[in-house]
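Student: Read off the chains here:
There are 2 protein chains.
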Amino acid sequence: MGYEIERKFLIKGDFKSQAYKSFRIKQGYLSLSGVSVIRVRVKGEKGYITVKSALAEGMLTRHEWEYEIPVVDAEEMLNLCEEGIIDKTRYLIKAGDHIFEVDEFYGENEGLLIAEVELKEENENFERPEWLGAEVTGNVRYYNSFLSIHPFKSWSKL
Amino acid sequence: MGYEIERKFLIKGDFKSQAYKSFRIKQGYLSLSGVSVIRVRVKGEKGYITVKSALAEGMLTRHEWEYEIPVVDAEEMLNLCEEGIIDKTRYLIKAGDHIFEVDEFYGENEGLLIAEVELKEENENFERPEWLGAEVTGNVRYYNSFLSIHPFKSWSKL
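Chains A and B supply the protein sequences, listed in that same order. In terms of the working numbering, the first sequence opens at residue 677 and continues consecutively. In terms of the working numbering, the second sequence opens at residue 677 and continues consecutively.
Because the hints were derived from the structure by calculation, they are not lab data. Cβ coordinates follow ideal geometry from the N, Cα and C atoms, glycine included. Treat the hints loosely; a few may be bogus.
The list that follows gives simulated cross-link-like pairs (lysine to any residue, SDA-like), each with its CA atoms no further than 20 Å apart [said to hold, decoys possible]: (1) A:K728 - B:Y743; (2) A:K728 - B:S693; (3) A:K728 - B:L756; (4) A:K728 - B:E759; (5) A:K684 - A:E758; (6) B:K728 - A:E758; (7) B:K722 - B:T765; (8) B:K728 - A:A695; (9) B:K728 - A:Y743; (10) A:K728 - B:H774; (11) A:K684 - A:A695; (12) A:K684 - A:E803; (13) A:K728 - B:Y724; (14) B:K728 - A:T726; (15) B:K728 - A:F802; (16) A:K728 - B:N755; (17) B:K770 - B:S693; (18) B:K719 - A:F699; (19) A:K728 - B:K770; (20) A:K722 - B:I745; (21) A:K728 - B:E780.
Some, not all, of what chain A presents toward chain B, calculated at C-beta under 10 Å [said to hold, decoys possible]: (22) S712; (23) I714; (24) V716; (25) S729; (26) I745.
So that you can see chain A by itself, here it is in the shape it has in the complex (with noise of 0.2 Å):
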């Protein structure tokens, strides 16, 4: 089992000049019960199972479980899932000893950037680069989970 403590932001600059790699993530989600999420990747060319413990809003850390899978699996089994379909580019963003990972969505979620970085302790000190904007860690609306069934598109009617 892993624990994931991460730290996610808005963006309010330009980043991609920044980026040090980038490659295309599909993700859905086979199920999105109260007590777990089960995640179903395609990242570049390889595949993967996600399971991770459910997430109480204001909480940082959660239990993740990820396992590579045949890609061919994972694009089949993301027919399986339900609600919508995530589509982003992800770009990897270096500053001090820490890796940004910036999520640009599309589709449904167009228009959507959001930048995470991944802390081995909640209050471990971290360089914020000058295009990271406000904070929404823990604010369900920017859960990819959350944005399959109610995409960024979407949120002037919620």
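Since chain A is already given, all that's left is putting chain B on it; use the hints.
Tutor: Below, chain B without anything else, positioned relative to chain A:
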């Protein structure tokens, strides 16, 4: 992706003396949505996560993807599972060209015995051992996923 074609039967006689192997299975369900079933299983010393597409009553074929995972992960994930954990011993019995799996359930499903045989084609013939009882293929009551929510001991109340 694999396909699973199996037929299920009740038991009407002694089968244990014919078993060439047996092992304990504990399993639970991370998700039981209308579209897919996600099962976590500890089988002897090994762990598995399995995704199955939903099966309409009366159908014999479903999609299935199974991955071996660390047994400690599977044990931890059983704590996330919804509803009841299924606990049973599985006996393997050869009959002609096929292997019957007979499950003897414990706990809330004590008293229930189910035999399954996996086939390559829906019309495939197979030898029927003398202890094989009535066929219950496609009857959702005998799905382990159903038993985890409505265990055998509660059936008189259904």
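Student: Tell me the hint numbers this structure goes against, listed in increasing order.
Tutor: 2, 5, 8, 10, 15, 18, 19 and 21
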